[in-house]
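The primary structure of each chain is shown beneath.
Number of protein chains: 2
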Amino acid sequence: MSPHFTLDEARALDMHDPLRAFRERFILPEEIVYLDGNSLGALPARSAARLREAVENEWGRGLIRSWNLHDWIGAPQRAGALIAPLIGAKASEVVVADSTSQNLFKLIVSAIRAAGGRGAVLTEAGNFPTDLYIAEGAVGLFGDCTLKVVPTDDLPAAIDDDVAVLVLTHVHYKTGARHDMAALTAAAQAKGALVIWDLSHSAGAIAVDLNGCNADMAIGCGYKYLNGGPGAPAFLFVAERHQLHLSPATTGWMGHAAPFQFRDDYQPAPGISRFLCGTPPVIALAALEESLGIFAEVDQVLLADKSALMCDLLIALVEERCAGFGFELITPRNPAARGSHVSFAHDEAHAICQALIARGVIGDFRAPDVLRFGCTPLYCGFEDIWRAVDTLQMVMATRAWDSPEHQLRQRVT
Amino acid sequence: MSPHFTLDEARALDMHDPLRAFRERFILPEEIVYLDGNSLGALPARSAARLREAVENEWGRGLIRSWNLHDWIGAPQRAGALIAPLIGAKASEVVVADSTSQNLFKLIVSAIRAAGGRGAVLTEAGNFPTDLYIAEGAVGLFGDCTLKVVPTDDLPAAIDDDVAVLVLTHVHYKTGARHDMAALTAAAQAKGALVIWDLSHSAGAIAVDLNGCNADMAIGCGYKYLNGGPGAPAFLFVAERHQLHLSPATTGWMGHAAPFQFRDDYQPAPGISRFLCGTPPVIALAALEESLGIFAEVDQVLLADKSALMCDLLIALVEERCAGFGFELITPRNPAARGSHVSFAHDEAHAICQALIARGVIGDFRAPDVLRFGCTPLYCGFEDIWRAVDTLQMVMATRAWDSPEHQLRQRVT
Numbered sequence: 009m010s011p012h013f014t015l016d017e018a019r020a021l022d023m024h025d026p027l028r029a030f031r032e033r034f035i036l037p038e039e040i041v042y043l044d045g046n047s048l049g050a051l052p053a054r055s056a057a058r059l060r061e062a063v064e065n066e067w068g069r070g071l072i073r074s075w076n077l078h079d080w081i082g083a084p085q086r087a088g089a090l091i092a093p094l095i096g097a098k099a100s101e102v103v104v105a106d107s108t109s110q111n112l113f114k115l116i117v118s119a120i121r122a123a124g125g126r127g128a129v130l131t132e133a134g135n136f137p138t139d140l141y142i143a144e145g146a147v148g149l150f151g152d153c154t155l156k157v158v159p160t161d162d163l164p165a166a167i168d169d170d171v172a173v174l175v176l177t178h179v180h181y182k183t184g185a186r187h188d189m190a191a192l193t194a195a196a197q198a199k200g201a202l203v204i205w206d207l208s209h210s211a212g213a214i215a216v217d218l219n220g221c222n223a224d225m226a227i228g229c230g231y232k233y234l235n236g237g238p239g240a241p242a243f244l245f246v247a248e249r250h251q252l253h254l255s256p257a258t259t260g261w262m263g264h265a266a267p268f269q270f271r272d273d274y275q276p277a278p279g280i281s282r283f284l285c286g287t288p289p290v291i292a293l294a295a296l297e298e299s300l301g302i303f304a305e306v307d308q309v310l311l312a313d314k315s316a317l318m319c320d321l322l323i324a325l326v327e328e329r330c331a332g333f334g335f336e337l338i339t340p341r342n343p344a345a346r347g348s349h350v351s352f353a354h355d356e357a358h359a360i361c362q363a364l365i366a367r368g369v370i371g372d373f374r375a376p377d378v379l380r381f382g383c384t385p386l387y388c389g390f391e392d393i394w395r396a397v398d399t400l401q402m403v404m405a406t407r408a409w410d411s412p413e414h415q416l417r418q419r420v421t
Numbered sequence: 009m010s011p012h013f014t015l016d017e018a019r020a021l022d023m024h025d026p027l028r029a030f031r032e033r034f035i036l037p038e039e040i041v042y043l044d045g046n047s048l049g050a051l052p053a054r055s056a057a058r059l060r061e062a063v064e065n066e067w068g069r070g071l072i073r074s075w076n077l078h079d080w081i082g083a084p085q086r087a088g089a090l091i092a093p094l095i096g097a098k099a100s101e102v103v104v105a106d107s108t109s110q111n112l113f114k115l116i117v118s119a120i121r122a123a124g125g126r127g128a129v130l131t132e133a134g135n136f137p138t139d140l141y142i143a144e145g146a147v148g149l150f151g152d153c154t155l156k157v158v159p160t161d162d163l164p165a166a167i168d169d170d171v172a173v174l175v176l177t178h179v180h181y182k183t184g185a186r187h188d189m190a191a192l193t194a195a196a197q198a199k200g201a202l203v204i205w206d207l208s209h210s211a212g213a214i215a216v217d218l219n220g221c222n223a224d225m226a227i228g229c230g231y232k233y234l235n236g237g238p239g240a241p242a243f244l245f246v247a248e249r250h251q252l253h254l255s256p257a258t259t260g261w262m263g264h265a266a267p268f269q270f271r272d273d274y275q276p277a278p279g280i281s282r283f284l285c286g287t288p289p290v291i292a293l294a295a296l297e298e299s300l301g302i303f304a305e306v307d308q309v310l311l312a313d314k315s316a317l318m319c320d321l322l323i324a325l326v327e328e329r330c331a332g333f334g335f336e337l338i339t340p341r342n343p344a345a346r347g348s349h350v351s352f353a354h355d356e357a358h359a360i361c362q363a364l365i366a367r368g369v370i371g372d373f374r375a376p377d378v379l380r381f382g383c384t385p386l387y388c389g390f391e392d393i394w395r396a397v398d399t400l401q402m403v404m405a406t407r408a409w410d411s412p413e414h415q416l417r418q419r420v421t
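Quick note, the sequences are listed as chains Z and E, same order.
Going by our numbering, the first sequence opens with residue 9, and the numbers climb by one from there.
Going by our numbering, the second sequence opens with residue 9, and the numbers climb by one from there.
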């Protein structure tokens with residue numbers, strides 16, 4: 009990478025980007041640089057149209073008839089089948105339902121019940137909060153079960169014969185560090201434990217190969233790289249070999265073998281559908297299904313390659329142009345060891361983030377001191393990266409992040 | 009009621025209906041009579057517009073900024089506050105989240121944990137299936153807990169000192185029979201049990217007074233009489249006096265006291281928000297919140313009165329014009345003992361329902377033999393009722409529900 013990487017060079021990369029055409033599928037306000045697709049994916053143009061159709065025609069005109077007429081009832085499985093190729097799974101192993109939190113609860117409870125007396129759920133300190141909270145809540149249901157939260161480096165040693173299930177987020181929401189899915193899965197399985205992978209910061213941006221890693225279970229978010237819209241329903245994966253002997257406690261009617269026979273007794277569906285619970289969120293599913301349709305046209309290898317190159321460029325540009333401003337890279341430099349966002353620690357991260365947003369560069373802040381930039385390969389470009397760092401340099405060089413009051417105080421004291 | 013109630017008389021009732029203007033707030037296809045709002049509420053015109061705004065402007069242009077800019081994060085509580093007056097609750101006692109199934113799971117688990125060793129969850133046979141299934145799933149988490157499913161008439165006697173929680177649907181989905189909420193709540197509480205009321209077939213159509221009945225907990229559906237759209241998020245109510253000592257096991261980040269401090273340990277929110285779980289479904293909540301706004305203008309007494317009169321008219325017309333066709337009314341005649349739908353048992357209910365739908369009269373069928381008509385007081389009119397029964401009479405008189413094959417077989421055998 010050139011030490012003086014220019015805007016023209018960034019534009020040249022965009023021009024030769026084989027995924028460039030996908031940017032046109034998204035509504036992106038012209039005045040902003042959006043580097044927060046890892047928190048909320050952008051709106052696909054077709055999703056807006058699809059939602060109008062789902063609301064105004066299917067709900068408004070079709071009314072109750074649309075459950076059959078437009079196969080609303082099949083949406084959880086259809087959306088799951090569209091996610092499957094993005095995560096190395098079979099269509100019959102993925103459904104869309106509820107939230108990531110609820111899905112994680114289902115799988116942890118299932119895993120504990122299948123573990124035959126093993127008494128621990130293991131996870132890492134600093135995992136995404138809802139994963140930790142849900143694990144704590146699930147464990148609390150079982151008198152003989154404990155939650156073990158250990159530092160990342162201690163994970164391998166902490167996998168012992170008492171661990172029922174290891175719960176890990178594939179790509180860390182803050183640092184962007186990526187776990188070695190194959191190695192940790194094998195290590196846990198060697199001790200007789202199951203593993204649940206949270207793919208919220210992976211699916212749709214980097215290569216994920218669940219079955220290639222012999223993964224047991226996974227969950228993930230619909231509103232980040234999958235662009236399903238704010239609060240979109242989430243997905244879950246259960247390897248075929250586990251489906252029949254796992255039973256989530258949230259046995260709602262959509263998980264029943266025959267939900268419309270209205271029987272009094274629960275009989276779980278024979279496959280992945282047993283992990284459904286309540287009535288599918290039709291409108292939200294329509295948005296997600298439409299956005300997932302885009303991925304069917306995307307070469308996953310190109311997507312992962314572009315993600316790596318964008319992150320590389322961002323790191324190089326910040327280190328070149330913002331040297332001396334106090335940024336500490338906390339994301340791994342090795343593309344295989346990270347996801348699709350890049351984070352820097354900085355004492356003034358919050359104020360800097362606000363100053364960037366005020367200038368149209370949208371990244372985000374994570375407490376206490378992390379400035380995070382998501383490089384969404386599907387619709388972001390290399391010019392976006394260049395502009396973001398150009399603005400960051402300006403903000404830092406002019407201390408634009410600093411309030412006039414604070415600057416004055418610095419000078420007079 | 010006249011024994012020869014005419015179309016003109018129905019129209020006169022509509023003309024004098026003080027709620028008539030609300031019909032114009034809904035998109036109702038002209039060619040149909042919609043008597044299935046108890047299964048899926050109609051589309052409010054403003055909801056369609058609100059969804060376009062939420063999708064195209066808030067998500068599309070605002071992107072991640074809309075969490076604050078448009079207060080997406082406050083939607084569960086805002087929607088809850090709009091539902092509260094419809095069910096006799098305080099705003100601080102209701103939130104919108106997840107599905108009815110998931111919400112019921114949260115409350116049953118909370119109730120069992122708070123019950124201090126009581127070993128039974130009591131419900132009635134023939135309750136809505138997902139309520140039974142969820143109760144079965146929740147009970148299965150506790151080694152010392154059993155699910156008691158008894159016939160309706162045996163409920164009072166079955167409430168004993170071992171019951172942790174009584175789970176009942178206020179208005180039965182099939183028969184429309186309404187439980188005496190005050191009496192059953194008092195009976196359960198006298199034995200030291202809690203009660204969870206499922207208001208799915210009540211809220212938004214008939215009078216519900218949770219606090220007037222000293223109710224403990226309730227759940228309900230967003231997509232029936234509340235018109236939130238297919239698969240809309242659901243609501244839950246927990247009386248203020250119980251909130252601090254109940255803990256659902258699904259401890260997601262939105263139930264945390266400080267979700268955006270990203271701490272590792274779970275600390276429940278001090279009030280009703282502890283019953284939230286994952287990220288709010290923003291788009292779906294926007295639709296529900298908009299439709300709930302309509303109810304703020306509706307006199308609840310007028311709504312309940314109209315519901316009763318519509319159901320009375322439907323019963324009278326069917327008994328007058330469809331006598332001898334084999335319909336058996338299974339809904340109570342006393343308005344105070346029923347909800348807002350009327351059901352008839354008939355051996356050919358399924359075929360009759362299909363014949364009605366083919367002629368633009370949309371009610372629904374519930375296995376094995378129930379024909380169900382929802383009288384939604386907010387947007388249905390008396391002419392709708394008249395037309396539905398007029399069509400039903402024609403279908404029955406001409407045996408239009410019967411297939412030509414079947415008719416032929418009847419004649420030759």
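Incorrect hints may have been included.
[To be verified] With the C-beta cut set under 10 Å, the calculated list includes, among others, these residues of chain Z facing chain E:
no., residue
1, Thr108
2, Asn111
3, Ala133
4, Lys182
5, Ala185
6, Phe303
7, Val306
[To be verified] Pairs of lysine to aspartate or glutamate residues, derived as EDC-like cross-links and limited to a Cα-Cα distance of at most 20 Å, are as follows:
no., chain 1, residue 1, chain 2, residue 2
8, E, Lys182, Z, Asp307
9, Z, Lys199, Z, Asp161
10, E, Lys156, E, Asp168
11, Z, Lys182, Z, Asp168
12, Z, Lys98, Z, Asp272
13, E, Lys156, Z, Asp272
14, E, Lys182, E, Asp161
15, Z, Lys182, E, Asp273
16, E, Lys182, E, Glu305
17, Z, Lys156, E, Asp355
18, E, Lys182, Z, Asp161
19, E, Lys156, Z, Asp161
20, Z, Lys182, E, Asp272
21, Z, Lys156, E, Asp161
22, E, Lys182, E, Asp377
[Claimed, not checked] Okay, the calculated bits of chain Z under chain E, using three or more residues with CB under 8 Å as the criterion:
no., segment
23, 49-63
24, 260-274
Just so you know, these hints were derived from the structure itself, not from any lab.
These numbers come from a predicted model, not from an experiment.
For glycine and all other residues, C-beta sits at the position ideal for the given N, C-alpha and C.
Results of checking the hints against the structure:
{"no.": "1", "hint": "Thr108", "result": "holds (6 Å)"}
{"no.": "2", "hint": "Asn111", "result": "holds (9 Å)"}
{"no.": "3", "hint": "Ala133", "result": "holds (6 Å)"}
{"no.": "4", "hint": "Lys182", "result": "holds (8 Å)"}
{"no.": "5", "hint": "Ala185", "result": "violated (16 Å)"}
{"no.": "6", "hint": "Phe303", "result": "violated (19 Å)"}
{"no.": "7", "hint": "Val306", "result": "violated (21 Å)"}
{"no.": "8", "hint": "Lys182/E - Asp307/Z", "result": "violated (50 Å)"}
{"no.": "9", "hint": "Lys199/Z - Asp161/Z", "result": "holds (18 Å)"}
{"no.": "10", "hint": "Lys156/E - Asp168/E", "result": "holds (11 Å)"}
{"no.": "11", "hint": "Lys182/Z - Asp168/Z", "result": "violated (27 Å)"}
{"no.": "12", "hint": "Lys98/Z - Asp272/Z", "result": "violated (32 Å)"}
{"no.": "13", "hint": "Lys156/E - Asp272/Z", "result": "holds (12 Å)"}
{"no.": "14", "hint": "Lys182/E - Asp161/E", "result": "holds (16 Å)"}
{"no.": "15", "hint": "Lys182/Z - Asp273/E", "result": "holds (17 Å)"}
{"no.": "16", "hint": "Lys182/E - Glu305/E", "result": "violated (30 Å)"}
{"no.": "17", "hint": "Lys156/Z - Asp355/E", "result": "violated (58 Å)"}
{"no.": "18", "hint": "Lys182/E - Asp161/Z", "result": "violated (57 Å)"}
{"no.": "19", "hint": "Lys156/E - Asp161/Z", "result": "violated (48 Å)"}
{"no.": "20", "hint": "Lys182/Z - Asp272/E", "result": "holds (13 Å)"}
{"no.": "21", "hint": "Lys156/Z - Asp161/E", "result": "violated (48 Å)"}
{"no.": "22", "hint": "Lys182/E - Asp377/E", "result": "holds (10 Å)"}
{"no.": "23", "hint": "49-63", "result": "holds (count 7)"}
{"no.": "24", "hint": "260-274", "result": "holds (count 13)"}
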